Amino acid sequence: MSGRPVRLNHPKSVYIIGLIFKIITLTVIVTVFYHLTFSPHGPALLTPFKEKIEEKNRSLIMEEVKFLEEQEKHRHFHNIAEFPEMPEDMRPVCFICHSDYPHSKSKKVRALLNMHTQFFTCEACHIEDRSGIQTVYAWYNPMDSSPKGPFFGTSYDSETGNLAVVNDKFSKISAFFKKGGEFESTMQKQDAPLALDYVKIRDKLTPNERDNVKKKFHVNIKPKGHECKKCHDRNSILDFNKLGFSANRIVDLEQLNITGMITKYEMFYLPNLFKDE
Amino acid sequence: MKHLKGITFISLFVFLLLFLCIVFVSPANAADSENCLMCHKYRFLGRIDEQGRKRNYNVDEYIYNETVHRNVPCRDCHTSIQNLPHDPITEEVNCGNQCHIKPPFAKENFSHKAIIETYNKSVHGSKSTDSEELKAAKPYCKYCHLNPRYTKVDEERVASSTLQRCFNCHEEKGVTQAFKHITHRLRHKTSRSRQEIVELCSKNCHEDADKMRRFGVSNESIESVETYKRSIHGKAVSLGSEMTADCVSCHATSKIHDIYKKDEAASTVNKNNLKRTCQQCHLDVNAKFVQIDVHSGITSNEKPFLHFLEIQLGFVLYGSIFGLLGLALIETIGRKKDGIKWQIKDGTSWRGKSKRGF
Numbered sequence: 185m186s187g188r189p190v191r192l193n194h195p196k197s198v199y200i201i202g203l204i205f206k207i208i209t210l211t212v213i214v215t216v217f218y219h220l221t222f223s224p225h226g227p228a229l230l231t232p233f234k235e236k237i238e239e240k241n242r243s244l245i246m247e248e249v250k251f252l253e254e255q256e257k258h259r260h261f262h263n264i265a266e267f268p269e270m271p272e273d274m275r276p277v278c279f280i281c282h283s284d285y286p287h288s289k290s291k292k293v294r295a296l297l298n299m300h301t302q303f304f305t306c307e308a309c310h311i312e313d314r315s316g317i318q319t320v321y322a323w324y325n326p327m328d329s330s331p332k333g334p335f336f337g338t339s340y341d342s343e344t345g346n347l348a349v350v351n352d353k354f355s356k357i358s359a360f361f362k363k364g365g366e367f368e369s370t371m372q373k374q375d376a377p378l379a380l381d382y383v384k385i386r387d388k389l390t391p392n393e394r395d396n397v398k399k400k401f402h403v404n405i406k407p408k409g410h411e412c413k414k415c416h417d418r419n420s421i422l423d424f425n426k427l428g429f430s431a432n433r434i435v436d437l438e439q440l441n442i443t444g445m446i447t448k449y450e451m452f453y454l455p456n457l458f459k460d461e
Numbered sequence: 106m107k108h109l110k111g112i113t114f115i116s117l118f119v120f121l122l123l124f125l126c127i128v129f130v131s132p133a134n135a136a137d138s139e140n141c142l143m144c145h146k147y148r149f150l151g152r153i154d155e156q157g158r159k160r161n162y163n164v165d166e167y168i169y170n171e172t173v174h175r176n177v178p179c180r181d182c183h184t185s186i187q188n189l190p191h192d193p194i195t196e197e198v199n200c201g202n203q204c205h206i207k208p209p210f211a212k213e214n215f216s217h218k219a220i221i222e223t224y225n226k227s228v229h230g231s232k233s234t235d236s237e238e239l240k241a242a243k244p245y246c247k248y249c250h251l252n253p254r255y256t257k258v259d260e261e262r263v264a265s266s267t268l269q270r271c272f273n274c275h276e277e278k279g280v281t282q283a284f285k286h287i288t289h290r291l292r293h294k295t296s297r298s299r300q301e302i303v304e305l306c307s308k309n310c311h312e313d314a315d316k317m318r319r320f321g322v323s324n325e326s327i328e329s330v331e332t333y334k335r336s337i338h339g340k341a342v343s344l345g346s347e348m349t350a351d352c353v354s355c356h357a358t359s360k361i362h363d364i365y366k367k368d369e370a371a372s373t374v375n376k377n378n379l380k381r382t383c384q385q386c387h388l389d390v391n392a393k394f395v396q397i398d399v400h401s402g403i404t405s406n407e408k409p410f411l412h413f414l415e416i417q418l419g420f421v422l423y424g425s426i427f428g429l430l431g432l433a434l435i436e437t438i439g440r441k442k443d444g445i446k447w448q449i450k451d452g453t454s455w456r457g458k459s460k461r462g463f
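Protein sequence lines correspond, in order, to chains A and B.
As numbered in this note's numbering, residues 185 to 461 make up the first sequence, in order.
As numbered in this note's numbering, residues 106 to 463 make up the second sequence, in order.
Keep in mind that the hints were calculated from the coordinates and are not lab data.
The reader is advised that the hints may include incorrect statements.
What the hints assert, rightly or not - To be clear about the criterion: a stretch of chain B counts as covered by chain A if any three or more of its residues have a C-beta under 8 Å from a C-beta of chain A, and this derived list gives those stretches: (1) 163-173; (2) 333-342; (3) 388-394; (4) 417-426.
Claimed, not checked - Under the rule of at most 27 Å between Cα atoms (straight-line distance), these lysine-lysine pairs were calculated in the DSS-like manner: (5) A:K234 to B:K247; (6) B:K334 to B:K316; (7) B:K218 to A:K206; (8) B:K247 to B:K207; (9) B:K218 to B:K207; (10) A:K250 to B:K458; (11) B:K340 to A:K234; (12) A:K388 to A:K373; (13) B:K247 to A:K408.
In this text the structure is predicted, and so the values were computed from the model without any measurement.
In this text, a Cβ means the ideal position worked out from N, Cα and C, and glycines have one as well.
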């Protein structure tokens, strides 16, 4: 070895063969290590330590949530459809406390009210009107400053009759204050300074303090949203045409089935439909 | 004349209403003649209930139309709904109900009655002697089944060319649906994968040793998931095999739901039936073959020889690997002590002059 000239002109194939052998050797070592430590097929020497750490981080609440989610899949039976979720920080500030199912008090209509969260931001129904300022409704997408559509729910698939599949999965109708020619958004976003600060310190607040801060978020929010007929009517506050709804969809929303349903609900639940919401 | 105008107006109105109904009730929603999807097609139709459980009532139109129940009217199963809009539902669906679908060549409307009868006789069926806890823990139809979606058979070429021949005589639409209905079940006993079946039986049930112990099952049954996973079948399935036996392959016939304790005569794993059960996959089965313990727990008390052999095999495996690694390590330390540098480049591992002069 010593004194002999070092050979540097090996053919390329030698390097490739060497590399293959190194990969094989490393794979065998890693596999044996896994077999020895964590694999259920081996002695699982380190599994007790792993289980100890997992036990420490175990949350009964989280386990129950997962268990119930799985049970719900089977209770539901009809295959819960997967939809893309909006990134957590893009959601309106309401989502810090409320979920996609915010309505819970009125047993008769809570599911129907929750159905609307697919199409509306919370503010669209719950924003306090400002005197002298016109409230208008337009599509809002936190990931697209000027969403063009077509939007989900605005038209039917002519072949199947189902609601047409569209690319824009996140746009919702939101309320805007019209000031001159400008639209001022009523949305409270999660990246607003107040929201960011609240998320940072909410665990340090006492329950009373937390309630006080929460009230701040609800200053311009009315607890009762619009009644059905405000939108589902020929004189709807929503200009369905301008919002891009197809003619037959507008008929459905304004007149045919929804109106019929509301009439039936009126018999049972109105005029106190939203009293406890 | 005035009457005539009135009648014309009413006729036009009725015609328009009928026309709109025909146009707006989708052909895909043929089973939904009562327009339940008017509300249930929406993704967030749901609520959080009083116990804090999320309840989702959405039925996706596109998915529903790909399922085996796509032609069953909603209220054939949800019989407790008598008026619309309806109150919260508290009654469970009874899968034994007859629906309004008459299968080809059948005299009666379709129902799952036969399967339920088989299931009720099986070990999973609720018995009068069962404790309340055991009754609650036993799986019911929806515990195992979601509304099954059609899946294509693997043999795409065979499937498409066979179907093509059917079109020579039959209408494309109907026969395609019937063909899919049958062929998606042809792959093996169930349309689910082996891995899904093992997970279904294990999770929250058979792998929960405490639960099993409470129901007084045998030690063999308590360890069944663990021993299956250690077996050649379990290992192959965990590595993705679709050819190896899962739980249903051995514990049920093609009726799927006829699972019994192994000491019952009807059980597929009863010693008198084992040969037939193994022969589903292993053609050359003899009396010795069926003695092989599939759920083998290798403990020093029960099977000392196998236990000893298992340890020896472990020594051989780890001894070879770690022996070779140890030798390489000793060699490396020795050479480094000798002053030779270790490098992985230029095709040479060792370079330098030995202290010993060679």
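Structure-based check of each hint:
1. 163-173: With 9 residues in contact (Cβ-Cβ under 8 Å with chain A), the coverage given for the segment 163-173 of chain B holds.
2. 333-342: holds (count 3)
3. 388-394: It is violated: at least three residues are needed, and the segment 388-394 of chain B offers just 0 whose Cβ sits closer than 8 Å to chain A.
4. 417-426: holds (count 4)
5. A:K234 to B:K247: It is violated: about 34 Å lies between the C-alpha atoms, which goes past 27 Å.
6. B:K334 to B:K316: 19 Å, holds
7. B:K218 to A:K206: 61 Å, violated
8. B:K247 to B:K207: Holds: B:K247 and B:K207 sit about 23 Å apart, inside 27 Å.
9. B:K218 to B:K207: 14 Å, holds
10. A:K250 to B:K458: Between A:K250 and B:K458 the Cα gap is close to 64 Å, so the pair fails against 27 Å, i.e. violated.
11. B:K340 to A:K234: 22 Å, holds
12. A:K388 to A:K373: 22 Å, holds
13. B:K247 to A:K408: Judged against 27 Å, a Cα distance of about 38 Å means the pair is violated.
When the structure is compared with the earlier hints, violations turn up for hints 3, 5, 7, 10 and 13 and for no others.
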